[in-house]
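J.: Going down the list, the sequences are from chains A, B and C.
Each step along the first sequence adds one to the number in the numbering used here, with nothing skipped, and position 29 is 29.
Each step along the second sequence adds one to the number in the numbering used here, with nothing skipped, and position 135 is 135.
Each step along the third sequence adds one to the number in the numbering used here, with nothing skipped, and position 352 is 352.
Fair warning: there could be bad hints in the mix.
[Stated by the list, open to error] To spell it out: a stretch of chain B is covered by chain A in this simulated footprint if at least three of its residues, at any positions, have a beta carbon under 8 Å from a beta carbon of chain A; those stretches are:
1) 377 to 386
2) 393 to 399
[Unchecked claim] Stretch-level coverage of chain A by chain C, calculated; a stretch enters the list once three of its residues show a Cβ under 8 Å from a Cβ in chain C:
3) 7 to 13
4) 77 to 84
[Unchecked claim] 25 Å max Cα-Cα, derived DSS-like pairs, lysine-lysine:
5) Lys-158(C) to Lys-204(C)
6) Lys-158(C) to Lys-194(C)
7) Lys-574(C) to Lys-493(C)
8) Lys-582(C) to Lys-204(C)
9) Lys-69(C) to Lys-142(A)
10) Lys-142(A) to Lys-115(A)
11) Lys-45(B) to Lys-729(C)
12) Lys-69(C) to Lys-194(C)
13) Lys-420(C) to Lys-386(C)
14) Lys-353(B) to Lys-254(C)
15) Lys-254(C) to Lys-69(C)
16) Lys-204(C) to Lys-142(A)
Think of the hints as simulated: they come from the structure by calculation, not from any bench.
Ideal Cβ placement from N, Cα and C applies to all residues, glycine included.
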Amino acid sequence: MTKLTVNGTEHEVNADPSTPLLYVLRNDLALNAAKFGCGLGQCGACTVMVDGKAVFSCLTPIMLLEGRQIKTVEGLGTIDNPGPMQTAFIEAQAAQCGTCIPGMMMRAQALLESKPDATDADIRVALEPNLCRCGSHMRILKAVAAARDLMQSAAVAPATERKPS
Amino acid sequence: MRFFIRFLTSLLLLVVIAAVGFAAYAWNRSIDPIEPPQRTAFDAKLIEDGAQLAAIGNCTACHTRPGGKSFAGGLPIPTPFGTIFSTNITPDPETGIGRWSEEAFNRAMREGVDRQGRHLYPAFPYDHFTKVSDADNKALYAFLMSRPAVAQTAPANDLPFPLNMRWVLAGWKLLYFDSGAYQAATDQSDEWNRGAYLVTGLGHCGSCHTPRNSLGAETSAHLSGGEAEGWAAYAINAASPAPVPWTVDSLYDYMRRGWHPDHGVASGPMAEVTGNLGTLPDADIRAMAVYVADLMEEPSAERAERGSLAIEHAARQGNLIELASAPAGADTPEARGEAIYKAACSSCHEGAKPQPYGGVSFHLSSAISAPNSQNAINTVLFGLPAGSGTRSAVMPGFAATMSDEEITDLFAYLRGTFAEKPVWPDLASRLAATRSGDYHVSVKPSDGIERGPENIGAIDQ
Amino acid sequence: MNAPLLPDLSRRGFLAGSGALVLSFSMMPGAFGQTAAPAPAQPEKPKLPGSLNDARYLDAWIKIEANGKITVFTGKAELGQGTKTSLRQIAAEELEVAPASINLITADTALTPNEGYTAGSQTIQNSGTAIRYASAEVRQILMRLASERLGVPADQLKADAGTITGPNNASISYGELVAGDVLHVEATPGIILKKPEGYRSIGKPFARVDIPGKVTGGEAFLIDMRPEGMLHARVVRPPSYAATLAAFDEAPIKAMPGVVAVLRDGDFVAVVAEQEFQAVKAMRAIRASATWNETETLPDPAALTDYYRGAASQVGDVFSKGAESAPGVTTLEAQFTRAYHMHGSIGPSAAIALLEGDMMTVWTSTQGVYPDQKAIAEMLDMPLDKVRCIHVEGSGCYGHNGADDSGADAALIAKAIPGKPIRIQWSREDEHQWEPYGPGMATKVQATLDDSGRIVSWNYDLWSNNHGTRPGSAGSLLAGRHMARHFPPDPPKLSISANGNGDRNAIPLYDFPNQRIRWNWFAEMPLRVSSLRGLGAFANVFSIESFMDELAIAAEADPVEFRLRHMTDPRACKVIEVTAEKFGWSNDPMPENRGRGFAFAKYKNHAAYLAIALEAQVDRDSGRIDISHVVSAVDCGEAVAPDNIINQTEGGFLQAMSWLLYEEVTFDRTRITSADWSSYPILRFSAVPDSIEVHVVDMPGTPYLGVAEAAHGPTAGAIANAVRNATGKRIYDTPYSRDRVRQVMGA
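The whole structure should be built from the sequences, with the hints applied where relevant.
T.: So this is what it looks like as structure tokens:
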């Protein structure tokens, strides 16, 4: 049994410790966002955050993740109460098929959490490991920039106005 | 007393003479600026030759910022003494070398002095470029002067006093620099000499592959191992740590394509080097291989035997049913490392995908076998990033998912099982320094691979 | 609002419940020339708009329940192009309700009309048109019924939000009006549609219905389905096209933890396990231990044009006008090539199949549920009505990718393990090496200019095999080919039609007095190929638009003016002019190695008009091309969902830019060697242009013109022309890789 903390909740997972996190997220924990794109660390569709850093969940065995904080798109908000990153992507209509989008969001989230004033150029560099085949790049960049602005204005807003993320 | 005064006077005189002599040595005249020449002033064939020479010299690797305009400089080069920024060598008249005459360029290559007469820092490896012939310098000049001019000023070098005073370099040169074009060794073949000329001259392999002393000059232990941009540049002489001994053929293949099935993929700064070398005529690459193979000497019978065994073991790898099973539960570094290896590494490193796109077998890996742990650390922490629109070996980095303890365990397993050696004694400190950024590593895509046969100049007549 | 993923609606379910409309549809295959329909003899029926012509009953498209709930049925699938949203907008417009209140059911062989494939940018044109007219007629029927029930003349009634109201508070809801078979009537031709001035949904901003779920971890894709008892399967594909299984020891695999079954049927090998990672490990173990006999079947990758020329066995006359040639002042000729291109879906294909009793249900992301159903039924030797294919969203497929095959894989395995949902997931390597590619092509253009700089004759030859091997028969499915029965592939045939295939967009829209357009066709498909977004349009427009610039240079004319000089279609002229104006097109000198490029095409010559202008910066030493300042104008008729149009055009541009600059399938004489993204690189963020502007030239009230594939050809042309403008040298072959750029530019 492996103990995994995902989006703040502890889970006891009965999977082979060498199982990549992606399969555990999707199959054992029924979390839909992170996707299988290549299993090779080349496309980023599986990107989630571990202790604040973006990682390829398709190549991270769960045995390395006990005691670590794992965050997925599901931890950014819900459909009724979306967080700033999700709000930004919805408002920008930043998706075509939508497969790559959760990976993009988590890579961007990791950037903005460590560098809240990331520039547009920083965003481009940060997203390099993630592929989008439909060509939604322009909107993804716009959405992440908007998320940055939303998160920065939320940071200066009084605590009562903040939405839980 | 009189003796004492005479002694002091003589000493003073000596010091003054030495100072004057040194100043005379240190001073170089400024060469007059010229109007930037037009491309039409140069013979097209000369420019083409220059392009090939620039590929050997790998000028673009230092003189281009990744993603920036070619040869416009500005790349920070960390040295033990501080950071030096590469200069703009496009023919821009204000910020580049547009006003340099051919004589000025030649002098820079031969003597390490710029147009105005100032000494250049040996981060620009004129200790090698001095060997380049006048004819080749002419072609290089034609090539560089016919590039698009880019107006870009490099940031100022970040060096402490007195190193930021260029005249101290004269002292360095006095001690360590022998200028002069390459002289052929009469007892060697033309091919060997061509290789030696390219390797010790324009190729400046020793800049990375030769150890340096405390003042940053290459020692006489020619090509016995050095470092570059945070990576270990392995010995490419008889002290080569590669599990499978290099041959002329494998060296040629590796330089041509950027990978070899018995050795793996060129990574770090070497990726760009092989990317450029792959554009050269086969004969030149072969010559370099001949020279380097000669330095490596024939392997001993024992080493050759170990090399064959390594290849055999690598070929038999990939027993994926066994890999799929959980390893024994002993709680030693090797056992914990084995579990990590099976879970995180074996799917690529014992997978079916062939080189250069699949993971190399660690039986064949110099990074695991070498006495220097740095490259293994770099690769595990940072991986091999994907090239932008170019084919490249891709590997994820594990900095975010493996702790120092886990990496240490992993290396205990890899060193023990694949290289049959104990773990590196300095591993912990290197690992910590690399992870924290105190020890800076430049991470580049390994996209110099698969470059033949569609390259310029690659077709041998 | 998501359509239910596992609809438990059956036809019987529809019949139950009072006041609900009866669903019916005609089992007529054969949409748009792809398969021949076995039409029963009947009197000549009037032509109906769009797909209504094939599914003529109104209740095939619209169902209204007693509680007022409206369900719209489409035979088309959501591929990420936003049709789940735009079709709702269309229906909502004519039904006078809010789009969000409509329940949309997409491609399901048990429930929806047969609209063939979701392909060729025809969803709005065909399904949208059908739904438009059907909705309009339904509303008019309801108005008539309301008028009768309320005793008020119809012209005094108003429909809004599912209720019809009149003077003196007269009011009745849609739900109250429907009864029995009221909508089980054939559509009538000549229905009047709402005027654009009154639009409340069409052309109005309406956020896509699927995006919120996709960004919050909702169930949105086939891969999110987790039916009870589901097992995980992996297929171990052969290492090359003609490989046959030599030896394979099943015993150790069966003994691996969690493995439920190892299947072997001829050269088809699959493993099924309880947990997904167990299946993955078993698959890797099989791959390492199984041995295959391989044969060299692939052409020499360094001599493909020679191969195409040699293989050509038939010449199709695509178009002929005037004389073979005409006298003039200058004659130019050029040849172009296009590499094999991947669809490269980001998520490799996946499918689920379940055999319950004698009923096989397949959940698949195929673009054509009906053809896939037919092929799978043949493969499994099951009656057609015992196989049901339901489309569930997958990754963008951009044509015929591995989706159809993965459905067949799942079905073949499910047949062997009844009662358990079987989920198949292709690996990245499976998708890279087994998806059908966009075919490699070669073209040759020759044209003559007269002394006034007008093109007087135009000769165009293309070399290509077919751009379509969709199901089809069981032999079009990988499982069908590999299983012991070895169903043979469908024999290809040369077919010239208005829709176009390899010859799509080979006919220039420009007005040239003398033209010959020929397709040098060959049957052989040594690499597996099929429809990739745009089909022949990418290569043909790349060639035509590149060559137009060469002619413009020879005529010493501005490229934009030169195109207008030869264009008589006013809508084409409009998009060309708008693009040039918004871009700021001029001939002012540019810095060294920087250039401008322009291109235009009308997709298929009967779909959307699209022009592009952009700038390119070429670094001759590194071979890198940087694209910037991209401006496009597009006219696709009445713009239903303008934001979708912009999204598709931006996306089409970036995809085609990636094809042109980077992409080529690589192979040796036996195997496909581009096995994943490391060996088949595509666009990354560092190369994305600084800006892409799309101007939608809206033409309200005019027919819908398909736009989803309109950008690809002009993208290639514009980049090619910008590189030429920047450097004075033209690159005739794709991809514009760094090595090729350096080679062409020289030192």
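J.: Take the hints in turn and mark each one as holding or not.
T.: Going down the list of hints, with the structure as the test:
Residue count for the region 377 to 386 of chain B with a Cβ under 8 Å from a Cβ of chain A: 3. That meets the three needed, and the coverage hint holds. Using a Cβ-Cβ cut-off of 8 Å, 4 residues of the region 393 to 399 of chain B lie near chain A, which meets the minimum of three, so the contact claim holds. A count of 0 residues in the region 7 to 13 of chain A with a Cβ less than 8 Å from any Cβ of chain C is obtained; the coverage claim is therefore unmet, three being the minimum. Judged by the Cβ-Cβ criterion of 8 Å, the region 77 to 84 of chain A is covered by chain C as claimed, because 4 of its residues qualify and three suffice.
This hinted pair checks out: Lys-158(C) and Lys-204(C) have alpha carbons roughly 21 Å apart, not beyond 25 Å. Between the alpha carbons of Lys-158(C) and Lys-194(C) the distance comes to roughly 13 Å, so the proposed pair stays at or under 25 Å and holds. With a C-alpha separation of about 38 Å, the suggested pair Lys-574(C) and Lys-493(C) falls outside the 25 Å cut-off, and the hint is violated. For a cut-off of 25 Å, the pair hint linking Lys-582(C) to Lys-204(C) stands: about 23 Å separates their Cα positions.
For the proposed pair Lys-69(C) and Lys-142(A), the alpha carbon gap of about 37 Å is over 25 Å, so the pair is violated. At most 25 Å may separate the alpha-carbon atoms for a hinted pair to count; Lys-142(A) and Lys-115(A) meet this at roughly 17 Å. The suggested pairing of Lys-45(B) with Lys-729(C) holds, with an alpha-carbon distance near 18 Å, which does not exceed 25 Å. Note on Lys-69(C) and Lys-194(C): the hinted pairing holds, with a Cα-Cα distance of about 22 Å set against a maximum of 25 Å.
Of the supplied pair hints, the one linking Lys-420(C) and Lys-386(C) holds, its CA atoms being roughly 17 Å apart against a limit of 25 Å. Taken as a hint, the Lys-353(B) and Lys-254(C) pair is honoured in the structure, with Cα atoms around 24 Å apart against an allowance of 25 Å. Restraint check for Lys-254(C) and Lys-69(C): the C-alpha separation of about 51 Å exceeds 25 Å, so the hint is violated. Distance hint between Lys-204(C) and Lys-142(A) is fulfilled; the C-alpha atoms sit about 22 Å from each other, no more than 25 Å.
Violated hints for the displayed structure, listed by number in ascending order: 3, 7, 9, 15.
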